[in-house]
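Number of protein chains: 2
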Amino acid sequence: VALPEPITALSEALCRLPGIGPRSAERLALHIVQSPADEVRRLAQTLVQAREKVRLCSICGGLTESEPCSICSDARRDASLLCIVERPLDIFALEKSGSFKGLYHVLGGRISPLNGVEPEDLRLAELEARLGRGITEIVVALSTDVEGDATSFYLAKRLAGKGAKVFRLAHGLPAGSGLEFADEVTLSRALEGRREIPA
Amino acid sequence: VALPEPITALSEALCRLPGIGPRSAERLALHIVQSPADEVRRLAQTLVQAREKVRLCSICGGLTESEPCSICSDARRDASLLCIVERPLDIFALEKSGSFKGLYHVLGGRISPLNGVEPEDLRLAELEARLGRGITEIVVALSTDVEGDATSFYLAKRLAGKGAKVFRLAHGLPAGSGLEFADEVTLSRALEGRREIPA
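Residue numbers (my numbering), protein chains in the order written: chain A, 6 to 204; chain B, 6 to 204.
These are calculated hints, taken from the structure and not from any lab test. One or more hints might be untrue.
[To be verified] Chain B stretches covered by chain A per the calculated footprint, using a threshold of three residues with CB under 8 Å from any CB of chain A:
1) 67-78
2) 93-100
3) 136-144
[As the list claims (entries may be wrong)] Computed footprint of chain A on chain B, listed as stretches where at least three residues anywhere in the stretch have a Cβ under 8 Å from a Cβ of chain A:
4) 7-18
5) 21-31
6) 178-184
The structure presented is a predicted model; accordingly, all values stated were derived computationally and were not measured. No residue lacks a Cβ here, since even glycine has one placed at the ideal position from N, Cα and C.
Extracted from the complex, chain A is given alone in its bound form:
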């Protein structure tokens, strides 16, 4: 006697979600079949509605309910500044910092030949279409690993001579952390990027 088939089917479906292993998928499936039916229907509805209501902004590629998104359509944002990020989520991280008042562009990943991600798989055509419309400064804000750095260099080369200066975020020690938690690459970058303390 095995688990009823609808439970294993649900468990397998949940297992395909990121970060959910076979054991937690089974536990979730068992919880769900024993939950009130209207609660389960509501959860299913929330799933479908979230997917239907949220789209990618056709300009920046960020997650949005409206088209274009509230950032792209906000006249108070500085349209001369463009920040390039990997994923839609990165926009919310930067917005939380409250330190960037320009516009965003989601690249959709980084160049990674080993994983089959070539430049043409990224939103580069969309990016180039946005240049020339008064953008004078581009901040490349990708992950600070090998692939992120390689992609940043590629972007700097590709975007050169199109009217905008290309920057990257500073590398160094994270805030609120001690030297003992920093790896050697972070430390050497923090040293390279040292700043004079005004007297």
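Dock chain B against chain A, hints included.
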């Protein structure tokens, strides 16, 4: 600028599931809104169908698609043996062991006055209704913690004199584990229950 509302709504709904914290709920919600729409609809359907197709067997209280369940309706099972478990899931664990050929009864929990679970909150009326129909042996297979033990003793007392002998599972060392991993209660129970090795 915050996350679009349908994403936070989904994230909050997922957060109510067992074992899913706020961070993994947000990650799941972001994954789902970026998945193909038909995949999300299929997942929602699987959720609702699992809940609609799976019910609790009116006899044993186990999870089933048919009514009564395949165990209760199986004439080859030994109807003189009844095993009492806490949760529907426990039936599948015991079935995997392949060592029990009788019928089951799901109690639906254990007595826990601190958590407001009294005997009348358990499936005891349903249990007593099954006695007298040729059941001669009852195996109480509850958790081996304080509440499980207390519930086992309560059951033994309540079921006494109703025509069936009441047993509990053996306590002792788990299979494939060394003494160094056993706590002192397990070890003292393993000593109490020692068996002579036939010469």
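Comparing the hints with the structure gives:
{"no.": "1", "hint": "67-78", "verdict": "holds (count 5)"}
{"no.": "2", "hint": "93-100", "verdict": "holds (count 5)"}
{"no.": "3", "hint": "136-144", "verdict": "violated (count 0)"}
{"no.": "4", "hint": "7-18", "verdict": "holds (count 9)"}
{"no.": "5", "hint": "21-31", "verdict": "holds (count 5)"}
{"no.": "6", "hint": "178-184", "verdict": "violated (count 0)"}
Of the hints listed earlier, those the structure fails to meet are numbers 3 and 6, in rising order.
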